[in-house]
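Peer 1: Okay, here's what each chain looks like letter by letter:
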Amino acid sequence: MAETVKVYSRPKTLIDKPWHFCPGCHHGIAHRLCAEVVEEMGLQEMTVGVGSVGCGVFSYEYFNFDGIGPSHGRAPAVATGVKRVLPDRLVFTYQGDGDLAAIGTTEMVHAAVRGEKITIVFINNTVYGMTGGQMAPTTLMGQVTTTSPLGREAKQAGYPIRVCEMLATMEGAAYVSRVALFNPAQVVKAKKSIRKAFETQMQGVGFSLVEILSACPTNWGLSPLEAAKYVENNLVPVFPLGEFKVPEGVK
Amino acid sequence: MSNTELLLMKGNEAIGEAAIRGGCRYFFGYPITPQSEVLEYLARRLPEAGGAYVQAESEVSAINMVFGAAAAGARVMTASSSPGISLMQEGISYIASAQLPAVIVNIMRGSPGLGGIQPSQADYFQSTKGGGHGDYRLVVLAPSTVQEMIDHTVMAFEIAEKYCTPVVVFADGMMGQMMEPVILPDIEPVPSEKPWATTGMQGRGPNIIHTLHLPPDQLEWHNNRLFEKYHQIEAQEKRSLEYFTDDAEILVVAYGIVSRVARAAVEKAREAGVKAGLFRPVTLWPYPSEALVKAAGKARKVLVVEVSMGQMVEDVRLAINGRVPVEFYGRIGQVPTPEEILNKITQLIAEVA
Amino acid sequence: MAKVSFLEERCKGCGLCIAFCPKDCLELAESLNSQGYHPATLTDEGKCISCAICARMCPDVVIEVVREARR
Amino acid sequence: MQRVLVLTGGFGSGKSELAINLALSLAQQQPTALVDLDIANPYFRSREARHFLAEHGVKAVVPREEWLDADLPILSPGLRSLLRDSQWTVVLDVGGDEIGAIALGSFQADFKAVPHQLLMVVNPYRPFTRDVDGIEKMCREIEGTSRLTMHGLISNPNLGQATELEHLLRGHQIVVQGAQRLQLPILGLGVLADRLEEWKPALPSLPLIPINIHLLPEWLLRKKQTSPKDESIKK
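Residue numbers (the numbering used here), protein chains in the order written: chain A, 1 to 251; chain C, 1 to 353; chain X, 1 to 71; chain H, 1 to 235.
Hints were generated in silico from the structure; no laboratory data involved.
Be aware that one or more of the hints could be misleading.
[Stated by the list, open to error] Below, computed lysine to aspartate or glutamate pairings styled on EDC-like, alpha-carbon distance capped at 16 Å: (1) K200/H / E166/H; (2) K59/H / E98/H; (3) K162/C / E234/C; (4) K275/C / E220/C; (5) K17/A / E9/X; (6) K6/A / E68/X; (7) K17/A / E68/X; (8) K6/A / E64/X; (9) K129/C / E5/C; (10) K268/C / E218/H; (11) K12/A / E64/X.
A quick note: this is a predicted structure, and the numbers were derived from the prediction, not measured.
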């Protein structure tokens, strides 16, 4: 080939270093999509990412823009502090299911209630990855984890929490959607959804959240491809995909 | 408000106004008696002053909003009372570790548990010895008048920014609620440069604020760095006041509201011919131990008075190091009267006579 | 320059790129990289249409894709 | 003066001390009750003087003993029957600001049926009533939340124990301007009891309400307060 045109290359919003994620882990795709959208919107110099505690704990080491590592579950409160001081910046949190939907439920709900102009990128893989495969608030019924060894049972551990459905009832939440990454078409949709969420924020409309159903091959004990299929076949029926709330003007 | 104008202010309001004059434009808090007027005052005044006030969903969230605002480079404050301060401890540990400047006001109430709403000084250990997890220190300022609540709040922001560390303004419910005439400072504080703040890169490389240091030697290095700073604070920021200490045979040690009662008691004792003196620490951490030892030079007994079961008394005993007997008198839920302290002084002077 | 190039040292051999390649022109190499993974590799440059689906599925951002410049 | 006097005002305007002093002086002529309706403040409420009031012939209507220090909006029982009993002169001490006056709203119908005076105590040395605009705003807000009409002002310019005659006179001028704006009469002037005789010749011709301090401990009343300005800070 004499002359070539780049079709895809690493976004400059990602620092050039290897990641700690397991083979086939969807965190990597989610990180990349966030970074790509920041770059495409021209916001690299105007972004503050707020990480979390969980497998996403090193997000600030991977993103090539300003970053904060908060305590477990408090990212929406920390992001609120940043955004109130710097209302014209893009401020987003990157949180897993334990961080957001267990220990951080209060902060998430009230950021939405206040219509805080931040974005939450929520990685739902139904399990605590960092601490070694314990039950999450989104663990499916019957799913075996290290703390639900016989499978999640309602009598003992209740039911999986549906974050999007809950937040969509709140007036302050402007954009709420659930996407997945189990095939290329879903990845394209997921990226569009993150872009809509960031645009919702930058237009000052209100709170936005994108839930990303993600594969955790290691803690599910599945190959990367099997794990992607598991998302499609087992997670999607419990956590239906789609946009739950879209503000006028961002559609 | 002009600088010469006299006002009658409640302690809690005074802290709110002092914060604004000290350059603070961001406040995050949650209502709790006897502190709520700080929120109420700033809810009115901050929008006028061009800042942001957010009533958080809990003290846990409030302190994390403070973390975010401080990371973004703002002068920021929160206020609460004992149980609420307990809830903030995790966040305070993170702020200390991340080396962010912030001001935390504790208008103490009765404890433990839900306790009561009456004045207390029982959070001394929590504020001066830690409170949250890990090796860190908070600068703790103990005002005793409404005017000092103003002056110390302004000073708290300066110290916080000078050392990039959280500073506590430590007062009790009575000081939060009582009213005294004050003169508000007419100052134009210059916020320090914060090249480390996460404000969006805007031409530089990424700024990262975090508290995770996985390799043991890196964590040790981080702790050593924190302690170099704390040693510097110990060398430079100790403050105390003394009354009639030169020849005092009975040295009373008290801070905050109690120091005022104690001063009245010491004056009464002097009128009765008893050589009593008062040592009043203004910084509870770093503790003014050297000044205390000097003040106790001629003392035959030291009497520590607190609205607690006895907390600061441990720091006094550490400083005095057995040179003189250290006695304690404490009340719970109420500030002792000058007569109670005077009785104790009289009793002690009889013992050594 | 190949249409698809891999940062082989960072590839974890998860195979998502191979599974979703519409032209079946990728596979895991016989060799191991220094991490101990079989990295993905392009087997048939002629079949590749530079669609970049592989890169969009890659969780480790190890794939760069180019196409011939149109005149 | 009406039989029922409702004292409102900003936080820290001096309502409670005024209410106590007013009730004590009224009690010398007729059966008088003081009702503590302060649901906003946790400390320094008129209930703390209940024993003193009882000893001096004032019926103190306060929450039950075990709830006196409760951090709850507990209303004093017996208010309704007192309002209807023409035997009694009633002084109501309402919580500060428009927030404190909310508690009056629930008794609005009772007040409509009883001749009363809604009075606002004004201390122009307090942050939100420092000028005519502030005084007007406070009055309108209290009327709004209590759903009652203001009948007059009580001028109470003070800096606590640090008050000097010049402070009182200068502050009173602001209250006079406020009263003109609101077109309301000033029905009294609060003056520290121990300075009253000395200052009397210079004071305006208004009913003077001598203020003895009942809610603060003696050691808090020291004229000269300790401050780092008059002592060197030892490092």
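Peer 1: Any of the earlier hints contradicted here, and which numbers?
Peer 2: Going through the list in order, the structure violates hints 2, 4, 7, 9 and respects the others.
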